[in-house]
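Novice: Model the full structure from these sequences, guided by the hints.
Protein chains: 2
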Amino acid sequence: MAAALDAALGAWRLLLGPARVLSSPSELMPFAASTAARPVPPLAVLRPVSHDEVVALVRSAGEFDIPLYPLSTGRNWGYGDACPPTSGQVIVDLGGMNRILQVDSELAYAVIEPGVTQAQLAGHLAERALPLWMDCTGAGPDTSLVGNILERGFGHSPYGNRMLHVAGMRIVLANGDTLETGFGHFAHASAAHLYPYGVGPWLDGLFTQSNFGIVTSLGFWLMPQSKMVSHMIASVAEPAGIARVVDALRPLRLDGTLRSVVHIGNDLRVLSGGMVFPSHLAPAGPPLPAQVRASLRAQVGIGAWTVSAALYGRPAQVREARRAIVRAVGGLARLRFLDERTLAIGAAAARLLGRGALGRRLSAQVDLGRSLLNMNRGVPDGRFLAGAYWRRRGGWPAGFPAGANPARDGCGMMWLAPVLPMRGEELLRVYGLVEPLFASGRLDLFATFSMINERTLGGVLTICFDKEDAAETARAQACYEAAFARLLGAGYVPYRVAPHSMSALDNGHDSYWRTVSRIKSALDPQGLIAPGRYMPR
Amino acid sequence: MAAALDAALGAWRLLLGPARVLSSPSELMPFAASTAARPVPPLAVLRPVSHDEVVALVRSAGEFDIPLYPLSTGRNWGYGDACPPTSGQVIVDLGGMNRILQVDSELAYAVIEPGVTQAQLAGHLAERALPLWMDCTGAGPDTSLVGNILERGFGHSPYGNRMLHVAGMRIVLANGDTLETGFGHFAHASAAHLYPYGVGPWLDGLFTQSNFGIVTSLGFWLMPQSKMVSHMIASVAEPAGIARVVDALRPLRLDGTLRSVVHIGNDLRVLSGGMVFPSHLAPAGPPLPAQVRASLRAQVGIGAWTVSAALYGRPAQVREARRAIVRAVGGLARLRFLDERTLAIGAAAARLLGRGALGRRLSAQVDLGRSLLNMNRGVPDGRFLAGAYWRRRGGWPAGFPAGANPARDGCGMMWLAPVLPMRGEELLRVYGLVEPLFASGRLDLFATFSMINERTLGGVLTICFDKEDAAETARAQACYEAAFARLLGAGYVPYRVAPHSMSALDNGHDSYWRTVSRIKSALDPQGLIAPGRYMPR
Numbered sequence: 001m002a003a004a005l006d007a008a009l010g011a012w013r014l015l016l017g018p019a020r021v022l023s024s025p026s027e028l029m030p031f032a033a034s035t036a037a038r039p040v041p042p043l044a045v046l047r048p049v050s051h052d053e054v055v056a057l058v059r060s061a062g063e064f065d066i067p068l069y070p071l072s073t074g075r076n077w078g079y080g081d082a083c084p085p086t087s088g089q090v091i092v093d094l095g096g097m098n099r100i101l102q103v104d105s106e107l108a109y110a111v112i113e114p115g116v117t118q119a120q121l122a123g124h125l126a127e128r129a130l131p132l133w134m135d136c137t138g139a140g141p142d143t144s145l146v147g148n149i150l151e152r153g154f155g156h157s158p159y160g161n162r163m164l165h166v167a168g169m170r171i172v173l174a175n176g177d178t179l180e181t182g183f184g185h186f187a188h189a190s191a192a193h194l195y196p197y198g199v200g201p202w203l204d205g206l207f208t209q210s211n212f213g214i215v216t217s218l219g220f221w222l223m224p225q226s227k228m229v230s231h232m233i234a235s236v237a238e239p240a241g242i243a244r245v246v247d248a249l250r251p252l253r254l255d256g257t258l259r260s261v262v263h264i265g266n267d268l269r270v271l272s273g274g275m276v277f278p279s280h281l282a283p284a285g286p287p288l289p290a291q292v293r294a295s296l297r298a299q300v301g302i303g304a305w306t307v308s309a310a311l312y313g314r315p316a317q318v319r320e321a322r323r324a325i326v327r328a329v330g331g332l333a334r335l336r337f338l339d340e341r342t343l344a345i346g347a348a349a350a351r352l353l354g355r356g357a358l359g360r361r362l363s364a365q366v367d368l369g370r371s372l373l374n375m376n377r378g379v380p381d382g383r384f385l386a387g388a389y390w391r392r393r394g395g396w397p398a399g400f401p402a403g404a405n406p407a408r409d410g411c412g413m414m415w416l417a418p419v420l421p422m423r424g425e426e427l428l429r430v431y432g433l434v435e436p437l438f439a440s441g442r443l444d445l446f447a448t449f450s451m452i453n454e455r456t457l458g459g460v461l462t463i464c465f466d467k468e469d470a471a472e473t474a475r476a477q478a479c480y481e482a483a484f485a486r487l488l489g490a491g492y493v494p495y496r497v498a499p500h501s502m503s504a505l506d507n508g509h510d511s512y513w514r515t516v517s518r519i520k521s522a523l524d525p526q527g528l529i530a531p532g533r534y535m536p537r
Numbered sequence: 001m002a003a004a005l006d007a008a009l010g011a012w013r014l015l016l017g018p019a020r021v022l023s024s025p026s027e028l029m030p031f032a033a034s035t036a037a038r039p040v041p042p043l044a045v046l047r048p049v050s051h052d053e054v055v056a057l058v059r060s061a062g063e064f065d066i067p068l069y070p071l072s073t074g075r076n077w078g079y080g081d082a083c084p085p086t087s088g089q090v091i092v093d094l095g096g097m098n099r100i101l102q103v104d105s106e107l108a109y110a111v112i113e114p115g116v117t118q119a120q121l122a123g124h125l126a127e128r129a130l131p132l133w134m135d136c137t138g139a140g141p142d143t144s145l146v147g148n149i150l151e152r153g154f155g156h157s158p159y160g161n162r163m164l165h166v167a168g169m170r171i172v173l174a175n176g177d178t179l180e181t182g183f184g185h186f187a188h189a190s191a192a193h194l195y196p197y198g199v200g201p202w203l204d205g206l207f208t209q210s211n212f213g214i215v216t217s218l219g220f221w222l223m224p225q226s227k228m229v230s231h232m233i234a235s236v237a238e239p240a241g242i243a244r245v246v247d248a249l250r251p252l253r254l255d256g257t258l259r260s261v262v263h264i265g266n267d268l269r270v271l272s273g274g275m276v277f278p279s280h281l282a283p284a285g286p287p288l289p290a291q292v293r294a295s296l297r298a299q300v301g302i303g304a305w306t307v308s309a310a311l312y313g314r315p316a317q318v319r320e321a322r323r324a325i326v327r328a329v330g331g332l333a334r335l336r337f338l339d340e341r342t343l344a345i346g347a348a349a350a351r352l353l354g355r356g357a358l359g360r361r362l363s364a365q366v367d368l369g370r371s372l373l374n375m376n377r378g379v380p381d382g383r384f385l386a387g388a389y390w391r392r393r394g395g396w397p398a399g400f401p402a403g404a405n406p407a408r409d410g411c412g413m414m415w416l417a418p419v420l421p422m423r424g425e426e427l428l429r430v431y432g433l434v435e436p437l438f439a440s441g442r443l444d445l446f447a448t449f450s451m452i453n454e455r456t457l458g459g460v461l462t463i464c465f466d467k468e469d470a471a472e473t474a475r476a477q478a479c480y481e482a483a484f485a486r487l488l489g490a491g492y493v494p495y496r497v498a499p500h501s502m503s504a505l506d507n508g509h510d511s512y513w514r515t516v517s518r519i520k521s522a523l524d525p526q527g528l529i530a531p532g533r534y535m536p537r
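Same order as they appear, the protein sequences are chains A and B.
Counting in my numbering, the first sequence runs from 1 upward without gaps.
Counting in my numbering, the second sequence runs from 1 upward without gaps.
The set of hints was computed from the structure by calculation and includes no laboratory data.
Virtual Cβ for every residue (Gly too), placed ideally from N, Cα, C.
Among the clues, some could well be false.
[To be verified] Just a few of them, taken from the derived set where beta-carbon distance is under 10 Å, the chain B residues facing chain A: (1) M29; (2) A108; (3) H185; (4) A191; (5) W202; (6) L203; (7) V516; (8) M535.
[Unchecked claim] Pairwise CB distance ranges (calculated): (9) H509(B) with A2(A): 37 to 43 Å; (10) G330(A) with G395(B): 54 to 60 Å; (11) E127(B) with R336(A): 41 to 47 Å.
Specialist: See the structure below:
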């Protein structure tokens, strides 16, 4: 292996030039950094900048029989970051393939490479004053759009179910073939990025959460800008009260009144957006004592749960949606609606109140509101990564959120992402299943449940831990494993997993995974691309 | 082969009982009936009624090495009907697997088997007064929902892009394995039919327009009933005028104001819904002379193009959508909106006018309006099959549209279905590409262009011909082939094809089809399931 690797590194240096082949421990270290308890370092890192270079790398990896682990920007926070599922893999870092190949204002789409970040595409649209918004996640400005899409991530806009807004992938297969999905493989195809399915088997889904190929570009649909965006914030006082709110909002999500992904966060999820663990108030460490938690809730003005969603449309459409929301949950939650007008009033009031406590609090709320509205309109913001730093010693790094990078900054964080039917009782049941595990692990439970489509809630349960504290790290790992197993056993399957959990998805006699592995053998008999990735056997 | 078939038939008779194994020419004849020029008869027909029987049949077909061609109800009108792509296949008719396995009113979905028809599910919902509507196509009451979904068909409602409203398939693979997609293969999975992707590669797309397995059930999402439905009808006087209407409606389709599939039909498409070819007015046969065509247009009160779309929502939402439509195309087309109220007024007026010409015309319009609104609300209607009978000798059969079956009734019809970017100029270009071919073939060109998603038009160009006229049949076939080639050459790839055109999709060095065939080899090395189906090589 070592000899083969040396020979391969030599060949790759000839191919890419020495600067784009990393192999020294100091160069590899950043790639091994992970918010997970156990990082997995790569053998080397290769940095192609074009589709043809990727083809050449794949062919050459085949000759040397060395597996490649492709990543876009490697910022898969909370789900393994840049780490391959197993050691012995060479990272193909596609961050340098960052061209925006096309933007069509009329038909509202872009064609992008894997290295294109949220900030880059948002900037591109803004600089050219194009009348388009992109869907945006809270993962920060420097994260890859393609990487998130291929992990089937969710954003915050009406296009938040991102997989439904992709058409036409270009893929390098393990044998070096270039595959174009949709209509793209037909000459002169005019709808290559407008109609996903093409004719014949629709293959795109195969290349998400998988290891069947390396996607080098894809068509990503953009939203025409709305005349108006209004951000709803609903505050629910008591923990169990969220169930009725979920049930009351479900019909509005189902009938298209609420077209964007609705987020439901518990108090800790909201609090952790504005502070790190307050050791001065809780010297014994986590979990945050109930009394402190209650007093922080009162201070920030939130209840046990906060529901947040954006309304898009012409003013008359937005007003009608607001009325429907008020009718549905006005009696169950405290409702506020933010828009440009309310923010301007808030900002003016904050200026009047000056630098006193009230003025500062209002000013902070206006800032947060602006970040939310920006994200709704496709402008990413690093502040939504704040929660990852909850247990980091030293708290937020200087300059936060600029350049926020939880893995590099040594944050300890793992995510569990069960999917559940969109029913209030199911939310409470899932919460009830994991809460005792967090309590016995002496960990704070941050929870969000998002209406990721019209019929399900996508839970994200965050475990934050102090990585410098070996005991806390061990408790976090144990809590993660116990919660993962308990949720899976109860039928709450995750929508996405970190590499170290992939093997837990297969009970050993599941024909789904058997089928996946037969497809893998057909497309990549040598096991060259990302072995182990969503491939338990 | 004959000996193997005899042995297999014997085994299948033991397995299913003799009544569910058809092999005599008279029994097979209905399956060979096709609206296409060249029907392809099966070797035999098997009628399993359960998933387990399908598993047993697949295993036994493997032993006898006889290929199976699964179909749901075999009513794939215009795209090959029940015919396999090649002779020598045994049809597995899943029409007897027609159970509605589950309906959930709260989360709005059904789980259905392949034999469930549009009328059956619509009736099920109506009988139980469930507050749900199903998406409906114009293919008539007796057609299969699953069959249409697996061909990636489109209906008329906000759920018209059917592929996006399916979650959790159960599939029999060629080796007899049962595969459940989405979360369905996990024990106790509560979101099996609520969240399509599952975890790991999303495989559903593989089983559409393909031959990788036999789908025996799937989860099909239903719409919560809207408070109001309004049907827009826009009439465009001049042929070229449709381009500006497409461009003016595009922003409303893109921004979600128009959530349902918008249909755009030319005059012949609309006229053929109410009459067959008027030989008394055009004794020389097709194409319909321009003057006759113009006079029929005037008589029915339509222009060169008719745009039709349904608006759904609460009354305030529907009113706002109407206002936006009027603003966008009020100056470009004559607009009407149908809803329950306007239909009631029309019906009353028709009664007052009595049995005179005006009264009969208004009454017919009210009937058509009711059929349209019914279809918008998921109640299928056979009248939308009328066009298939345009050139049938004897016209509509007695009792039409009850039991309409264009293949059995000897209609000659073929469909071309190019996808184009949603731009007016592209519509005119596609029309211009095929019009001369229809003219030189002396055939009427029925055209619809539907806004099947937010960015494309799905064209359906219908060739109707008199099957009893050999020369007209030959001209129809030649026109079909020339138009298919011309559209494909210009980059207007079809979204769906008839079996006899599948081989034309591959230029012989296309890595997409190479990949498809590698997957086929992995899942079905023996080539047991539907050889040739969306598998050009």
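Novice: Each of the hints needs a verdict: does it hold here or not?
Specialist: Hint by hint, here is what the structure shows:
{"no.": "1", "hint": "M29", "in the structure": "violated, 30 Å"}
{"no.": "2", "hint": "A108", "in the structure": "holds, 6 Å"}
{"no.": "3", "hint": "H185", "in the structure": "holds, 4 Å"}
{"no.": "4", "hint": "A191", "in the structure": "holds, 5 Å"}
{"no.": "5", "hint": "W202", "in the structure": "holds, 3 Å"}
{"no.": "6", "hint": "L203", "in the structure": "holds, 6 Å"}
{"no.": "7", "hint": "V516", "in the structure": "holds, 6 Å"}
{"no.": "8", "hint": "M535", "in the structure": "holds, 8 Å"}
{"no.": "9", "hint": "H509(B) with A2(A): 37 to 43 Å", "in the structure": "holds, 40 Å"}
{"no.": "10", "hint": "G330(A) with G395(B): 54 to 60 Å", "in the structure": "holds, 59 Å"}
{"no.": "11", "hint": "E127(B) with R336(A): 41 to 47 Å", "in the structure": "holds, 44 Å"}
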